[in-house]
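Novice: Sequential numbering of the sequence shown, starting at 0, is according to numbering that gives the first Met the number 0.
Each hint should be verified, as a subset may be incorrect.
[What the hints assert, rightly or not] Capping the alpha-carbon separation at 30 Å, the derived lysine-lysine pairs in DSBU-like fashion look like this:
1) K241 with K221
2) K112 with K180
3) K180 with K241
4) K241 with K179
5) K6 with K112
What the hints contain is simulated information worked out from the structure, not anything from laboratory work.
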Amino acid sequence: MCAEKTKMKVRVPASTSNLGSGFDVVGLALQMYLEVELEAEGEELVIEPEGLGASQLPCDENNLIFRMIREYAGDAVPAGLRIRIRNDIPLTRGFGSSAAAIVAGIALGEWLKCGTPPERQVVLEAATAAEGHPDNASAAVLGGLTVSAVIDGQVEATSLRLPYGIEIVVLIPDREIETKKAREVLPLSIPRSEAVFNLQRLGLLLAGLFQNNRSYLYHGVKDRIHQGRRIHLLPAMGSVVKALNDHRGCLGAFISGAGPAVAAFTSGDGQKLGELGVEEFSREGISAEARVLAPDYLGLNYD
């Protein structure tokens with residue numbers, strides 16, 4: 000049970016996932032953050048969001064972060080609770096905003112219940128169960144480039160560091176795609192040839208990243224499971240991915256998560272690629288923002 004006056008804070012990074020061929024397997028934490036501060040005070044629930052998407056977030060018991068807190072803290076949730084949310088992760092764009100919220104809520108809920116910050120594995124297991132897949136949850140909890148799997152009901156994940164100098168440029172359009180809708184367009188089964196294609200490209204993706212091999216990366220971000228089937232949700236995604244991949248400074252471009260954002264690896268041409276991507280989205284009548292980001296290697300952070 001929490002004390003009469005309790006304050007705790009967590010910070011969770013954004014993440015891009017799939018990276019082309021690594022569908023539901025590979026994630027990468029990015030330096031955009033969700034910060035949530037919880038304080039037991041007063042006699043009612045007060046939620047104060049600010050930053051990206053603040054006006055879209057429920058400020059009552061329907062708030063995703065509070066729902067996770069309540070689910071994992073149980074009777075330890077005090078009658079009076081103030082939750083301050085500061086968010087720099089674009090919502091419903093393919094950067095793991097829901098995974099970040101789920102991770103933050105679970106971590107705070109467990110912290111309230113037990114009196115100490117929970118182990119990362121505890122949060123990872125619970126977040127994966129809530130999300131239904133481990134890629135974004137692993138990146139959000141562990142940071143870095145994560146490779147994960149669910150084995151006999153347990154999440155196994157490892158975090159790796161990218162070679163020095165690799166940046167990620169992201170193109171964030173003023174359009175939204177709900178993850179649920181993006182998953183509904185995928186078939187329940189695929190031909191063996193498509194599975195083999197992706198397995199081969201995933202090997203090239205990982206080798207290309209750690210050997211800084213442009214040819215491997217160029218082919219490694221290709222896939223036949225999800226990107227082609229999601230393009231029709233916003234055809235401009237395909238145009239932007241192609242334009243970036245055709246630029247000599249691009250090490251590999253792909254749809255970020257479920258989209259509609261696009262991400263690309265580069266080693267020094269982030270600004271040029273960002274301008275190119277914004278221009279390509281504009282040709283399709285879509286406004287977009289470009290950011291050049293470094294990976295986050297801290298993951299879930301307690302304060």
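Novice: A separate judgement is required for each hint: does it hold in the structure or not?
Specialist: Hint-by-hint comparison with the structure:
Taking the CA atoms of K241 and K221, the gap is about 11 Å. The hint holds against a cut of 30 Å. The suggested pairing of K112 with K180 is violated, with an alpha-carbon distance near 34 Å, which exceeds 30 Å. Between the alpha carbons of K180 and K241 the distance comes to roughly 23 Å, so the proposed pair stays at or under 30 Å and holds. Distance restraint check for K241 and K179: the Cα-Cα separation of roughly 25 Å lies within the 30 Å cut-off, and the hinted pair is therefore satisfied.
Using a Cα cut-off of 30 Å, the hinted pair K6 and K112 holds, with the two alpha carbons roughly 13 Å apart.
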